[in-house]
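2 protein chains.
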Amino acid sequence: MKPVQVGLIGWGTVGCGVARLLTESGNRYHQRLGTQLILRKVADLDLETPRPMNLDPRLLTRQAQDILDDPEIDIVVELIGGVDAARELVMVAIARGKHVVTANKHLLALYGNEIFQAAAQAGVEIGFEGSVGGGIPLILSLRQGLAANRIQEMFGILNGTANYILTRMAAEGASFQQALQEAQDQGYAEADPSLDVEGTDTAHKLAILMALAYGVPINFEAIAIEGISDLELVDLQFAREFGYQIKLLAITRDDGERIEARVHPTMIPLDHILANVNGAYNAVYITGDAVGPILLYGQGAGMMSTGSAVVADLIELARNLTHGIKRRLPALGIEHVSQTNREVKPLDDLITNYYFRFAAQDRPGVLSKVAGILGQNQISIAAVIQKGRGLQESVPIVMITHEAREAHVRQALAAIDQLPEIAHKTILLRIEDPGLDAAQI
Amino acid sequence: MKPVQVGLIGWGTVGCGVARLLTESGNRYHQRLGTQLILRKVADLDLETPRPMNLDPRLLTRQAQDILDDPEIDIVVELIGGVDAARELVMVAIARGKHVVTANKHLLALYGNEIFQAAAQAGVEIGFEGSVGGGIPLILSLRQGLAANRIQEMFGILNGTANYILTRMAAEGASFQQALQEAQDQGYAEADPSLDVEGTDTAHKLAILMALAYGVPINFEAIAIEGISDLELVDLQFAREFGYQIKLLAITRDDGERIEARVHPTMIPLDHILANVNGAYNAVYITGDAVGPILLYGQGAGMMSTGSAVVADLIELARNLTHGIKRRLPALGIEHVSQTNREVKPLDDLITNYYFRFAAQDRPGVLSKVAGILGQNQISIAAVIQKGRGLQESVPIVMITHEAREAHVRQALAAIDQLPEIAHKTILLRIEDPGLDAAQI
Numbered sequence: 068m069k070p071v072q073v074g075l076i077g078w079g080t081v082g083c084g085v086a087r088l089l090t091e092s093g094n095r096y097h098q099r100l101g102t103q104l105i106l107r108k109v110a111d112l113d114l115e116t117p118r119p120m121n122l123d124p125r126l127l128t129r130q131a132q133d134i135l136d137d138p139e140i141d142i143v144v145e146l147i148g149g150v151d152a153a154r155e156l157v158m159v160a161i162a163r164g165k166h167v168v169t170a171n172k173h174l175l176a177l178y179g180n181e182i183f184q185a186a187a188q189a190g191v192e193i194g195f196e197g198s199v200g201g202g203i204p205l206i207l208s209l210r211q212g213l214a215a216n217r218i219q220e221m222f223g224i225l226n227g228t229a230n231y232i233l234t235r236m237a238a239e240g241a242s243f244q245q246a247l248q249e250a251q252d253q254g255y256a257e258a259d260p261s262l263d264v265e266g267t268d269t270a271h272k273l274a275i276l277m278a279l280a281y282g283v284p285i286n287f288e289a290i291a292i293e294g295i296s297d298l299e300l301v302d303l304q305f306a307r308e309f310g311y312q313i314k315l316l317a318i319t320r321d322d323g324e325r326i327e328a329r330v331h332p333t334m335i336p337l338d339h340i341l342a343n344v345n346g347a348y349n350a351v352y353i354t355g356d357a358v359g360p361i362l363l364y365g366q367g368a369g370m371m372s373t374g375s376a377v378v379a380d381l382i383e384l385a386r387n388l389t390h391g392i393k394r395r396l397p398a399l400g401i402e403h404v405s406q407t408n409r410e411v412k413p414l415d416d417l418i419t420n421y422y423f424r425f426a427a428q429d430r431p432g433v434l435s436k437v438a439g440i441l442g443q444n445q446i447s448i449a450a451v452i453q454k455g456r457g458l459q460e461s462v463p464i465v466m467i468t469h470e471a472r473e474a475h476v477r478q479a480l481a482a483i484d485q486l487p488e489i490a491h492k493t494i495l496l497r498i499e500d501p502g503l504d505a506a507q508i
Numbered sequence: 068m069k070p071v072q073v074g075l076i077g078w079g080t081v082g083c084g085v086a087r088l089l090t091e092s093g094n095r096y097h098q099r100l101g102t103q104l105i106l107r108k109v110a111d112l113d114l115e116t117p118r119p120m121n122l123d124p125r126l127l128t129r130q131a132q133d134i135l136d137d138p139e140i141d142i143v144v145e146l147i148g149g150v151d152a153a154r155e156l157v158m159v160a161i162a163r164g165k166h167v168v169t170a171n172k173h174l175l176a177l178y179g180n181e182i183f184q185a186a187a188q189a190g191v192e193i194g195f196e197g198s199v200g201g202g203i204p205l206i207l208s209l210r211q212g213l214a215a216n217r218i219q220e221m222f223g224i225l226n227g228t229a230n231y232i233l234t235r236m237a238a239e240g241a242s243f244q245q246a247l248q249e250a251q252d253q254g255y256a257e258a259d260p261s262l263d264v265e266g267t268d269t270a271h272k273l274a275i276l277m278a279l280a281y282g283v284p285i286n287f288e289a290i291a292i293e294g295i296s297d298l299e300l301v302d303l304q305f306a307r308e309f310g311y312q313i314k315l316l317a318i319t320r321d322d323g324e325r326i327e328a329r330v331h332p333t334m335i336p337l338d339h340i341l342a343n344v345n346g347a348y349n350a351v352y353i354t355g356d357a358v359g360p361i362l363l364y365g366q367g368a369g370m371m372s373t374g375s376a377v378v379a380d381l382i383e384l385a386r387n388l389t390h391g392i393k394r395r396l397p398a399l400g401i402e403h404v405s406q407t408n409r410e411v412k413p414l415d416d417l418i419t420n421y422y423f424r425f426a427a428q429d430r431p432g433v434l435s436k437v438a439g440i441l442g443q444n445q446i447s448i449a450a451v452i453q454k455g456r457g458l459q460e461s462v463p464i465v466m467i468t469h470e471a472r473e474a475h476v477r478q479a480l481a482a483i484d485q486l487p488e489i490a491h492k493t494i495l496l497r498i499e500d501p502g503l504d505a506a507q508i
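Chain order of the listed sequences is V and S. Going by the working numbering, the first sequence runs without a break in its numbering and finishes at 508. Going by the working numbering, the second sequence runs without a break in its numbering and finishes at 508.
Only chain V is shown next, with the shape it has when bound in the complex:
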């Protein structure tokens, strides 16, 4: 049977993983497919920097064009990252009738709809398992494994760098800056970590998962995003006293009418399985109306883990090529994808439990004033910790609320932060208990 030929654009970390699997595990894939899966060309602007693997120099080129122009190449793997050049390459590959595999969540979050539509028109397929959660079979699960379900909730730890930082802060009492430095030293964080720690990367991935879960176009813009760079160690410590862990979560929930779409540091119960996802690991806790809660967990990034996802996509596409199958599975797994987005609930309408840390001057009556304003805004207090009166100018008053509406919370905090006894802006964190509210049918 005619071998399936792969052209790889981007010989970076994940590119090395893919090239290594295709060259070292080729016999196993041959057995699996009944045909060979061959790495035909590898393009990268930089062919000089030493790599953790060697490739036959005859495979290498500096010109991505050599891959796009090669009529023997069936599948193009885009692993250059970034948006503009990657978008151009992917669109050209599609136009030339080549299938595409990409791990580029940033590209898909911004231009996925255009890419999926172009692919559908050209009769080619887009594999993107590697774009979310590395080698965890997440997209496969949403697209096929959970296809019988209405997805009610998803809570994801989707950025290994941010989770590594939060884990070190919680475990070692490190500050955010110390933990970030450690993550950079360990190679988990890039020199510019802002996409990771500000929540943007997590939101890119949530945008992709939401489109799969709800069968709607990708809608990155609708996601409310807060990162972890302002988190202070003291908040992780107070959280623990109340029985919670803080994780940067991607959250979406379908109430039947509107969906929630948000990324922010979140307090979850210490004994929840998601609270125990540590270090650079990723996990997604998905609740479907039939299946109930599911957790998928693993390394969310890295050379071999994301390589595993890319090659899984290659094997699926190769199976279609060898059987002459066209467009069996639409990009989102749904033939009739809704053309309109779901209405997204604004944060103001969110109803959940909250954590507040007030920087109060140590004078009598402050707590009473704060509690009064909360009460006027229909926010009732579930627990309070007021730590030792000391020499400091201000002492933290820390509170957990019963369920409250975010609009009321913001109104109350705006008033509280005007009080002369409050030294600086109050810290707000949202509390969730993944799976608790989702009722199985």
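Keep in mind that the hints are not guaranteed to be accurate.
[Unchecked claim] Under the rule of at most 25 Å between Cα atoms (straight-line distance), these lysine to any residue pairs were calculated in the SDA-like manner:
1) Lys393(V) to Thr389(S)
2) Lys69(S) to Gly190(V)
3) Lys69(V) to Gln188(S)
4) Lys69(S) to Pro138(S)
5) Lys393(S) to Ile392(V)
6) Lys69(V) to Gly391(S)
7) Lys393(V) to Arg394(S)
8) Lys393(S) to Gly391(V)
9) Lys393(S) to Gly190(V)
10) Lys393(V) to Pro70(S)
11) Lys393(S) to Thr389(V)
12) Lys393(S) to Gly164(V)
13) Lys393(S) to Gln72(V)
14) Lys393(V) to Pro397(S)
15) Lys393(V) to Ile382(S)
16) Lys393(S) to Ala189(V)
17) Lys69(S) to Ile392(V)
18) Lys393(S) to His97(V)
19) Lys393(V) to Ala189(S)
20) Lys393(V) to Arg95(S)
21) Lys393(S) to Glu181(S)
22) Lys492(V) to Ile440(V)
23) Lys69(V) to His390(S)
24) Lys393(V) to Gly101(S)
25) Lys393(S) to Thr102(V)
26) Lys69(V) to Gly282(S)
27) Lys393(S) to Ala187(V)
28) Lys69(S) to Arg394(V)
29) Lys69(S) to Gly391(V)
30) Lys165(V) to Gly391(S)
31) Lys393(V) to Ala187(S)
32) Lys69(V) to Ile392(S)
33) Lys393(V) to Met68(S)
34) Lys69(S) to Gly282(V)
35) Lys69(S) to His390(V)
36) Lys69(V) to Val404(S)
37) Lys393(S) to Pro70(V)
38) Lys69(V) to Lys393(S)
39) Lys69(V) to Pro397(S)
Keep in mind that the hints were calculated from the coordinates and are not lab data.
Here the structure of chain V is known, so what remains is to put chain S in place on it, guided by the hints.
Frame of chain V, contents of chain S only:
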């Protein structure tokens, strides 16, 4: 487009779940597939017992034959359980060119090879996602999502009843009998719980997962099985003192030459993510050479959870039917499945850490005798607990060993159990740390 017609044999718990999804969520599946997925007939010997759902009486029949004979039915769902009648039905369905979806792990563990071969010859497909781990997309993950990997290890909690019992023993200090009674009262355990608590059901599932992981025929006979019915509460308590939880695990490991294949109560570190899988939940911890460790977690059984898996299979098969695709994906995901089984390492060759509980008479010198025999058999002791000397006839001496070979362990325990100071047979448990030994490439 022509609708896809489903015939359901077995209107029990899972049958109700499947029927409910097909009748209540039909619009969503239509959108997903671009064609209708229709429940055409439901066969059960008992149509009288009240069910948690109603069906149009015109769909119902007492004769499975009505489904097998119906030329309009594309896919037969076998949910009667048991082996002989189910085997007969499945083989007839295949012979008539119908695709089959089954959640029957017992059937597949014993006759899966024959069924898969007959299906391949007849050009039909077998969906069996529901046979292991309920709605957790486990088979999908092994067959497609992790296809790039050599699977190095799998550790599975695959029986909800056994896990429920162990969870109650650990959490409440219940005896095995009390916890079993509770499981029966809660509807988690059947009147005859022996398949669940003796490890047989777990081994059926392991047999299926091993065939998928290694691309070899199903080989249930090769699995060494020990259940949990002899476990005593005191062992769970000592385990905890040493920092371990006891779980009934399905274990397989590939050392490159031979594979391990065993089901037994196993001590795993308390902080391992598998140790925190509680109640009736299932989870599998899989390590692949590329992806590293992955955990897949969810409800391992039940009306809607297993229903979710069965309907996911129906959707996949319906996709093939509407596109006129034949035999795209072999049953094990591998075109060239090895015709010979992997050599299975006998338990005697196992090298791991052990836990022993000796029932020693409270006389001086016993520990020294025991330790002497262990030493003669090249077993070195990592930790010992000897509990308070009391009024009892015998006191437990509890030990954790360094790595030892099981043949040596058995030899040593045989000698120790001959000592006059040892009141009854020594309790042996194996200790594992899933993922620790698996090195990523």
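Query - Pair hint outcome, Lys393(S) versus Glu181(S) [Cα-Cα no greater than 25 Å] - result: holds, 20 Å
Query raised in the report: Is the Cα-Cα distance between Lys69(S) and Gly190(V) 25 Å or less?
Result: Roughly 22 Å separates the two Cα atoms, so the pair holds.
Query raised in the report: Do the alpha carbons of Lys393(V) and Met68(S) lie within 25 Å of each other, as the hint requires?
Result: Between Lys393(V) and Met68(S) the Cα gap is close to 17 Å, so the pair holds against 25 Å.
Query - 25 Å limit on alpha-carbon distance, applied to hinted pair Lys393(S) and His97(V) - result: holds, 20 Å
Query raised in the report: Between Lys69(S) and Gly391(V), does the CA-CA distance stay at or below 25 Å?
Result: holds, 22 Å
Query raised in the report: Does the alpha-carbon distance linking Lys393(S) and Thr389(V) stay inside the 25 Å limit?
Result: holds, 12 Å
Query - Holds or violated: Lys69(V) to His390(S), with C-alpha atoms at most 25 Å apart - result: With Cα atoms ~23 Å apart, Lys69(V) and His390(S) stay inside 25 Å; holds.
**Report entry** Given hint Ile392(S) paired with Lys69(V) - CA-CA distance at most 25 Å
**Finding:** The given pair, whose Cα atoms are some 19 Å apart, holds under the 25 Å limit.
Requested in this report: Mind checking the alpha carbons of Lys393(V) and Pro397(S) for me, to see if they're no more than 25 Å apart?
Outcome: holds, 18 Å
Query raised in the report: Do the alpha carbons of Lys69(S) and Pro138(S) lie within 25 Å of each other, as the hint requires?
Result: holds, 14 Å
**Report entry** Hint consistency between Lys393(S) and Gly190(V) [alpha-carbon to alpha-carbon, up to 25 Å]
**Finding:** Roughly 20 Å between the alpha carbons, so the hint for Lys393(S) and Gly190(V) holds.
Report task. Take the C-alpha atoms of Lys393(V) and Pro70(S), compute the straight-line distance between them, and say whether it is at most 25 Å. Result -> Given that 25 Å is the threshold and the Cα spacing comes to 20 Å, the pair holds.
When held up to the earlier numbered hints, the structure conflicts with none and fits them all.
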